[in-house]
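Chains as they are written, first to last, in this note's numbering: chain R, 63 to 434; chain G, 63 to 434.
There's no promise every hint is true.
[To be verified] Here are the simulated lysine-lysine pairs, DSSO-like style, with alpha carbons at most 27 angstroms apart:
| no. | chain 1 | residue 1 | chain 2 | residue 2 |
| --- | --- | --- | --- | --- |
| 1 | G | K416 | R | K143 |
| 2 | G | K86 | G | K143 |
| 3 | R | K169 | G | K416 |
| 4 | R | K352 | G | K416 |
| 5 | G | K352 | R | K160 |
| 6 | G | K169 | R | K354 |
Source of the hints: derived by calculation from the structure; they are not laboratory data.
All values reported here derive from a predicted model rather than from experimental measurement.
There are 2 protein chains.
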Amino acid sequence: MKFTVNQKELLNNLLIVNKAVSNKNIQPLLSGIYLEAKEDNKLIIRGTDMELGIESEVSAFVEESGKIVLPSKYFVEIVRKLPMMDLELSTEENSQIKIIYGSSEIKLNYFEGSEYPSIHDFEGECVLKIKGDDLVNAISLSQVVVSTDMSRPIFTGILLEIKNDKLNFVSSDTHRLCYTYIENIEKNVDRWESIVPAKSLKEVAYIIHEDEEIEIHITSNRILFKSRNIKVTSRLIEGKFVNYEQVIPKEFSTDINIIKKSLLDSLERAFVLTRDEIKSKLNTVKFNIKEKVLIISSRASEVGDIYEEIPIYLQGKEIELGFNGKYLIEILRNIDGEEISINLNDPQSPGIIKGNQGNEKFIYLILPVRLQ
Amino acid sequence: MKFTVNQKELLNNLLIVNKAVSNKNIQPLLSGIYLEAKEDNKLIIRGTDMELGIESEVSAFVEESGKIVLPSKYFVEIVRKLPMMDLELSTEENSQIKIIYGSSEIKLNYFEGSEYPSIHDFEGECVLKIKGDDLVNAISLSQVVVSTDMSRPIFTGILLEIKNDKLNFVSSDTHRLCYTYIENIEKNVDRWESIVPAKSLKEVAYIIHEDEEIEIHITSNRILFKSRNIKVTSRLIEGKFVNYEQVIPKEFSTDINIIKKSLLDSLERAFVLTRDEIKSKLNTVKFNIKEKVLIISSRASEVGDIYEEIPIYLQGKEIELGFNGKYLIEILRNIDGEEISINLNDPQSPGIIKGNQGNEKFIYLILPVRLQ
Numbered sequence: 063m064k065f066t067v068n069q070k071e072l073l074n075n076l077l078i079v080n081k082a083v084s085n086k087n088i089q090p091l092l093s094g095i096y097l098e099a100k101e102d103n104k105l106i107i108r109g110t111d112m113e114l115g116i117e118s119e120v121s122a123f124v125e126e127s128g129k130i131v132l133p134s135k136y137f138v139e140i141v142r143k144l145p146m147m148d149l150e151l152s153t154e155e156n157s158q159i160k161i162i163y164g165s166s167e168i169k170l171n172y173f174e175g176s177e178y179p180s181i182h183d184f185e186g187e188c189v190l191k192i193k194g195d196d197l198v199n200a201i202s203l204s205q206v207v208v209s210t211d212m213s214r215p216i217f218t219g220i221l222l223e224i225k226n227d228k229l230n231f232v233s234s235d236t237h238r239l240c241y242t243y244i245e246n247i248e249k250n251v252d253r254w255e256s257i258v259p260a261k262s263l264k265e266v267a268y269i270i271h272e273d274e275e276i277e278i279h280i281t282s283n284r285i286l287f288k289s290r291n292i293k294v295t296s297r298l299i300e301g302k303f304v305n306y307e308q309v310i311p312k313e314f315s316t317d318i319n320i321i322k323k324s325l326l327d328s329l330e331r332a333f334v335l336t337r338d339e340i341k342s343k344l345n346t347v348k349f350n351i352k353e354k355v356l357i358i359s360s361r362a363s364e365v366g367d368i369y370e371e372i373p374i375y376l377q378g379k380e381i382e383l384g385f386n387g388k389y390l391i392e393i394l395r396n397i398d399g400e401e402i403s404i405n406l407n408d409p410q411s412p413g414i415i416k417g418n419q420g421n422e423k424f425i426y427l428i429l430p431v432r433l434q
Numbered sequence: 063m064k065f066t067v068n069q070k071e072l073l074n075n076l077l078i079v080n081k082a083v084s085n086k087n088i089q090p091l092l093s094g095i096y097l098e099a100k101e102d103n104k105l106i107i108r109g110t111d112m113e114l115g116i117e118s119e120v121s122a123f124v125e126e127s128g129k130i131v132l133p134s135k136y137f138v139e140i141v142r143k144l145p146m147m148d149l150e151l152s153t154e155e156n157s158q159i160k161i162i163y164g165s166s167e168i169k170l171n172y173f174e175g176s177e178y179p180s181i182h183d184f185e186g187e188c189v190l191k192i193k194g195d196d197l198v199n200a201i202s203l204s205q206v207v208v209s210t211d212m213s214r215p216i217f218t219g220i221l222l223e224i225k226n227d228k229l230n231f232v233s234s235d236t237h238r239l240c241y242t243y244i245e246n247i248e249k250n251v252d253r254w255e256s257i258v259p260a261k262s263l264k265e266v267a268y269i270i271h272e273d274e275e276i277e278i279h280i281t282s283n284r285i286l287f288k289s290r291n292i293k294v295t296s297r298l299i300e301g302k303f304v305n306y307e308q309v310i311p312k313e314f315s316t317d318i319n320i321i322k323k324s325l326l327d328s329l330e331r332a333f334v335l336t337r338d339e340i341k342s343k344l345n346t347v348k349f350n351i352k353e354k355v356l357i358i359s360s361r362a363s364e365v366g367d368i369y370e371e372i373p374i375y376l377q378g379k380e381i382e383l384g385f386n387g388k389y390l391i392e393i394l395r396n397i398d399g400e401e402i403s404i405n406l407n408d409p410q411s412p413g414i415i416k417g418n419q420g421n422e423k424f425i426y427l428i429l430p431v432r433l434q
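Could you build the full structure based on these sequences and the hints that come with them?
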């Protein structure tokens, strides 16, 4: 194997692929990065921990094709520190690859590439095409209310559901739920449901180019995202997602409009006082919704009290109820737009948060907590 | 106690003072920040862990003088999150302070201020005046080769020595030594020696304004740095520093000039290969100094090899020797200037690194390691 590649282009793609590599993997081959130099002057770079897999394609001048696996923790750092110039890589006897830059050279021990798992190429039973920025947006909205508790794996994933000509994204950590969707997608099936690990989708959102069209292939146990030169694949989570349509109320007796930043700032101050409260762990903040003002208050006996007034526009009934401030903060931090709506029914029923500029396609559902 | 102070000015000074506060302190009073509102419209803010102490003075509109101690972990975060406006602080009954901002308010529990330790005001036996930027520069050069091993406390400090009309700064971690000095200082004694904890000096360098003149007061067990509105005090380390003048060689048989960045880049690449070598822990890099070129090479049997050529200007003898690459990297990263000189005698004797633009006032001494 012998090829020449630009340092910067190699590095950029190694950093992407490396996100799927775990240095803690017990299989040495999986803590490495797979390189395949092809005769059509393409270099294929792959990494996987078997759950997530990333493949990238880079232009290279290939004199001799071949495939090897290099230890990622050394190879990525070495390339990062090499000068920005063309690098010549060639395999030598005794299982070393030689990297030549100017009059200097580095030799790295490699593994044979033939044993490396191939998980990137399959045809989907369900095939979709969507815009990159729509996908990134839906993932980042859903990501916030995902659970990390592996004992209930369904809640560590995001439901991707095709229904009524929409691609719905639903996630929940059992305290909160997020619903968002993408319209006008190209697809080959009318109905489909898969639960994708949120961790994998986070990497997808980080890696893909927002201005490209993304092709998605789904089978019963894997999903593949394909853009021009990058492929990301992930295993799916088995199981049945909660029936989110039953959970989201359709009508509300209280509807307020509020400047998002005012509410977020106020909740963050309240959280400083309550974050160490061990007893309740609820970071309870009291909402007292009046005609023109939302009164936010909280008390942490060891630390102190907070009392804030925020102007609002109210339609419907005045109401007093409690929320976990931390849960609200995480949602608000993740929402664009200046104003939001909060819709409520009573102090025991879930409320929803949505944008109120008319074109926001998301709903966060949040459960009130009992006031002492 | 009742006063009004600008949020931004209060926050900036709290963040400075907070550097001396340890939230792990078993004395609750010392995990707090001392506030004293004085009748001359000054607010004094203090923090200390008894080793390091920082005091700052802020303008405030004081209606009622007084002193209290507030829990730093809550107070600093609350002020950070308050809107940028004037804040009115007033003590209430039941040991709470009320912070009013607009139509909102926060109440925090406080401790009485009368018990808070006073460590900032003393006259020095030795009194110096030096320029802030000279002090910052000397501290940052010395800082690199300080030890963190508390079993030999002297090497965790930096020697401040007045001798021959200079203020010398000397530090060592027993593998390396740094010598630098400040000339033309105002002082009231001809000779003086103190060992100041490096940790304290690091904070001093971070806090003081480089364009101010700094007054330094030293006694047998404490040092005080005074600028216009900030005072930093530290305990001193007891003991006698090594005789550095005996250790630094005066003559050398090999002298090379080299572009600092070329050497640093090369050492950093070599370090990626050797950083996990458990056997030696020396990160050994071989220097082969020839007429016009320095050949740097290193081998890590589990990972690979590196061979680099760097152009140099040599005066004196060719030589081959080994260094701990990590130790050199730390020194080089900390030096300004494009070119450096390295002076050597033989593979067993210490070499020195210095700037070669003629106006650099520092010497780093470094010990070679044996080549296998």
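Each hint tested on the structure:
no.	hint	result
1	G/K416 / R/K143	25 angstroms, holds
2	G/K86 / G/K143	23 angstroms, holds
3	R/K169 / G/K416	32 angstroms, violated
4	R/K352 / G/K416	71 angstroms, violated
5	G/K352 / R/K160	24 angstroms, holds
6	G/K169 / R/K354	25 angstroms, holds
Violated hints for the displayed structure, listed by number in ascending order: 3, 4.
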